[in-house]
Structure formats: structure tokens, C-alpha cells
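Participant: Protein chains in written order, with our numbering: chain G, 1 to 192; chain F, 1 to 192.
In case anyone wonders, no lab produced these hints; they're calculated from the structure.
Among the clues, some could well be false.
[Stated by the list, open to error] Listing some non-contacts, in silico: residues in chain F with all C-beta distances to chain G over 12 Å:
hint	residue
1	Lys16
2	Glu43
3	Asn71
4	Gln138
5	Leu151
[As the list claims (entries may be wrong)] Output of the computed footprint for chain G on chain F, the stretches with three or more beta carbons under 8 Å from beta carbons of chain G:
hint	stretch
6	51-65
7	72-80
8	92-102
9	173-180
[Unchecked claim] Straight line, CA to CA, 20 Å or less: simulated DMTMM-like cross-link-like pairs of lysine to aspartate or glutamate:
hint	chain 1	residue 1	chain 2	residue 2
10	F	Lys72	G	Asp125
11	F	Lys144	G	Glu123
12	F	Lys97	G	Glu55
13	F	Lys41	G	Asp177
14	G	Lys101	F	Asp63
15	G	Lys144	F	Glu54
16	F	Lys41	G	Asp125
17	G	Lys72	F	Glu54
18	F	Lys61	G	Asp140
19	F	Lys104	F	Asp177
20	G	Lys72	F	Asp103
21	G	Lys97	F	Asp125
22	F	Lys41	G	Glu28
23	G	Lys144	F	Asp103
24	G	Lys61	F	Glu94
25	G	Lys41	F	Glu43
The beta-carbon is built from N, C-alpha and C at its ideal position, and this holds for glycine as well.
There are 2 protein chains.
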Amino acid sequence: MEIIKKQSGAAFTIKKGQLLKVIDPQGEQVSDMVLFNAGDKREKISSGKTLDFEENILITKGDFLWSNRSNKMMEILEDTNGRNDFLLAPCSPETFKIMYKNDKYHPSCFENLYTNLAKFDIEPDDIPTAFNIFMNVQFDLNGKISVDPPLSKAGDYVLMEAKMDLIVGLTACSAEDSNGGSFKPIHYEILN
Amino acid sequence: MEIIKKQSGAAFTIKKGQLLKVIDPQGEQVSDMVLFNAGDKREKISSGKTLDFEENILITKGDFLWSNRSNKMMEILEDTNGRNDFLLAPCSPETFKIMYKNDKYHPSCFENLYTNLAKFDIEPDDIPTAFNIFMNVQFDLNGKISVDPPLSKAGDYVLMEAKMDLIVGLTACSAEDSNGGSFKPIHYEILN
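This is chain G alone, in the form it adopts within the complex:
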């Protein structure tokens, strides 16, 4: 079991066929995940392709996470909470400036992704819209979005199977609104 401390991130590789389990150990904590083909980093997770092929905004058990080249990257085998977001980009320094009116330094998923992914020669501009595990983005039929506290309880998890060799970036999200106002760790396990 690996621990991502609050408001931080991790990056690692997993092989095709291995399982990744992402756990919310305390409840109400989001984890942003990005994926890259380990053999060619220009292939990466795509919100636009995933929502199109799965014909749903809400991605959960039974769905695949697809790449910009229309290949399957992950299959979601289990999802004990069942609410994730794939609409919104990772929180970044500008998120806090523009949406929180906070000009001071603030940790962000964007920084935690690119600093951890730098060891794989992945740069900030390479970071796509993340699959935001446990994130509770509600929307109405007029399209209005609200970022609500996660519905996840302590111990909820998402279990995924890699469909290709992958570089994974994963965070314990740093944004107040996304996490019910407090910051908690995320746990993950790689299973064979």
C-alpha cells in the first residue's frame, strides 16, 4: 500500500494486465489521475474520447478510459462509491487565482502532477484533463456545474485494470471545494 500525503502527488508505471486500486482512506477526498502510454507518451488519457465512446458523462464500473488515439488505457472493474468526474481540468495555480480569488501560493493537482511526472520527461503542457476519482461534480439539464463535497466514505475505492503499459500520475487533490473543505491522503495499490 502506497500513501499519497494530503495535497501531494505520485507518478509510477504499471504494466498491461496489472491492477491499480485507488482508495479514499478517510472519505470525501478526490484523486486526479492522468495516464500516458509508457511506450509513447504522446498517447494519453482523453476525456473527449472517453465520454464519446462510453456515451456517458459519468464514468464508472464497466467503462473504459480511452486515449487520444482511441485505444483503451484502463478498464474500471470496481467502483464502490460510483461518482467520479471527467469534465474538469486539474486544479492549478490559476484555479485559485481566478475562482478562489487567492493570489498567494496554493498547492494544486496540476503542480503535483507535473512535478511528479517530470522524471518521465512529461512537461506541464502535456498534462491533459484528468479522470477525477471520487470528485462529485453535479450538473443540471441547463449544463450548470457545481463542485460538491465527495460522496465517498472511508475505504471506498476504484479498481482498474491496465490495458497497456502505462505511466500514471495520481494526486490527493488540493482544492478546498472539491474535498469538503479539508485535505486528506489518498492510498493506492498495484496488484498483479
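Given the coordinates of chain G, work out where chain F should sit on it, guided by the hints.
Facilitator: Same frame as chain G, now just chain F:
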């Protein structure tokens, strides 16, 4: 007035402050649009940043199109139809293989974008999720997506102001389901 013939595309530059008018001359025709910072092509239009900052899935008059670096690329000044999509990636050869069960060659927005953008040294892997003008993607509160015929009538248009110098890729969409089963041209004008 420039004409994009049915199932084709175009790419061009516009300067900060210029206006781009995208017109559906016959009605029920989608136009996929991608944007790149003309001074640094690694900055590009971002669905995830736009939906986040505008707090809405449905982007229309009064909204901005934002980049992956959290800068404003376009402001939507007018939108006579009012329904556009920013969820789904451009149709690609794989769209027709996977969703239409069609293994033969089929024109696609993805091909029409990257072939036209090649003169700016933009490669297929650089193409992001497009802002799909006039595209009528309906969704319910369970997230279920359906691609319905456009609501646009002959002469409907979207007028946008460039907030930076831009490279623009624009199509007359090639997918049957997105265009009510037939393919029509798209017109555009650059206004000073």
C-alpha cells in the same frame, strides 16, 4: 466569406482583436473548432479549463474559450442558435470503426483538422477536444449522452473575438449522427 465544403476543413490565423464568424448556411451542420496560441502552439484550447472556469457544460454567448494554460483564447460575442458541444472529441477514423461499425474509409473532423493544420507544424497527437459549434449533444441527469440533429437553422452563426493571436482549425463535420444524416458546408468570415 470563406467556404468550407462538406466533410472538409480549413486552418488559418487570426490576430488578437479580430472577430471570427462561423456560419451554418443551410442549417443542421456542425463545425468542430480547435485553437492554438500562434506564438506557442503548446498552448491550446481546453475543454476541461473552459467548463471549469465558466461553470457550465453548455458554452455560449458571454462565455470565454480558455487554454490549457488558463488564458482566454476567444470570447463568444453572439450565438444565434445557442447550442454547442464541448464534451466530445472530434470524429476520427476510429469513431466510424467503433461506433458506426464501418471499417471502410470515412472522412472525419480529426483527419480534416490535422491535414489542414499540418502547414503550421501541428501533428495529429496535438489535436485537443474541439469546441463543436452547433453540435447538439443532449445529456440527462444520469450523464447519458445522445448526439442529436443540430437545432441550428440556415443562417445561424457564432461570432467570437480573439483574445490572443491564434491558429484556428475549423471543419464542416463528417459524422452522420452529428448532422442529421446529411453533410453540408460551413461558412466563415474574419472581421476586423
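Participant: Hints first: check each against the structure and report whether it holds.
Facilitator: Status of the hints after comparison with the structure:
1. Lys16: 20 Å, holds
2. Glu43: Since the minimum Cβ distance to chain G is about 7 Å, Glu43(F) lies within 12 Å and the statement is violated.
3. Asn71: 8 Å, violated
4. Gln138: 9 Å, violated
5. Leu151: 15 Å, holds
6. 51-65: Contact hint for the stretch 51-65 of chain F vs chain G: holds, 7 residues under 8 Å.
7. 72-80: violated (count 0)
8. 92-102: Contact hint for the stretch 92-102 of chain F vs chain G: holds, 5 residues under 8 Å.
9. 173-180: It is violated: at least three residues are needed, and the stretch 173-180 of chain F offers just 0 whose Cβ sits closer than 8 Å to chain G.
10. Lys72(F) - Asp125(G): 16 Å, holds
11. Lys144(F) - Glu123(G): Distance ~34 Å between Lys144(F) and Glu123(G) Cα, so the pair is violated.
12. Lys97(F) - Glu55(G): Holds, at roughly 15 Å.
13. Lys41(F) - Asp177(G): Violated, at about 32 Å.
14. Lys101(G) - Asp63(F): 19 Å, holds
15. Lys144(G) - Glu54(F): 9 Å, holds
16. Lys41(F) - Asp125(G): 10 Å, holds
17. Lys72(G) - Glu54(F): With a Cα-Cα distance of about 30 Å, the restraint between Lys72(G) and Glu54(F) is violated, given a limit of 20 Å.
18. Lys61(F) - Asp140(G): 19 Å, holds
19. Lys104(F) - Asp177(F): 17 Å, holds
20. Lys72(G) - Asp103(F): Given that 20 Å is the threshold and the Cα spacing comes to 18 Å, the pair holds.
21. Lys97(G) - Asp125(F): 30 Å, violated
22. Lys41(F) - Glu28(G): 37 Å, violated
23. Lys144(G) - Asp103(F): 38 Å, violated
24. Lys61(G) - Glu94(F): 23 Å, violated
25. Lys41(G) - Glu43(F): 18 Å, holds
The structure shown violates the earlier hints numbered 2, 3, 4, 7, 9, 11, 13, 17, 21, 22, 23 and 24.
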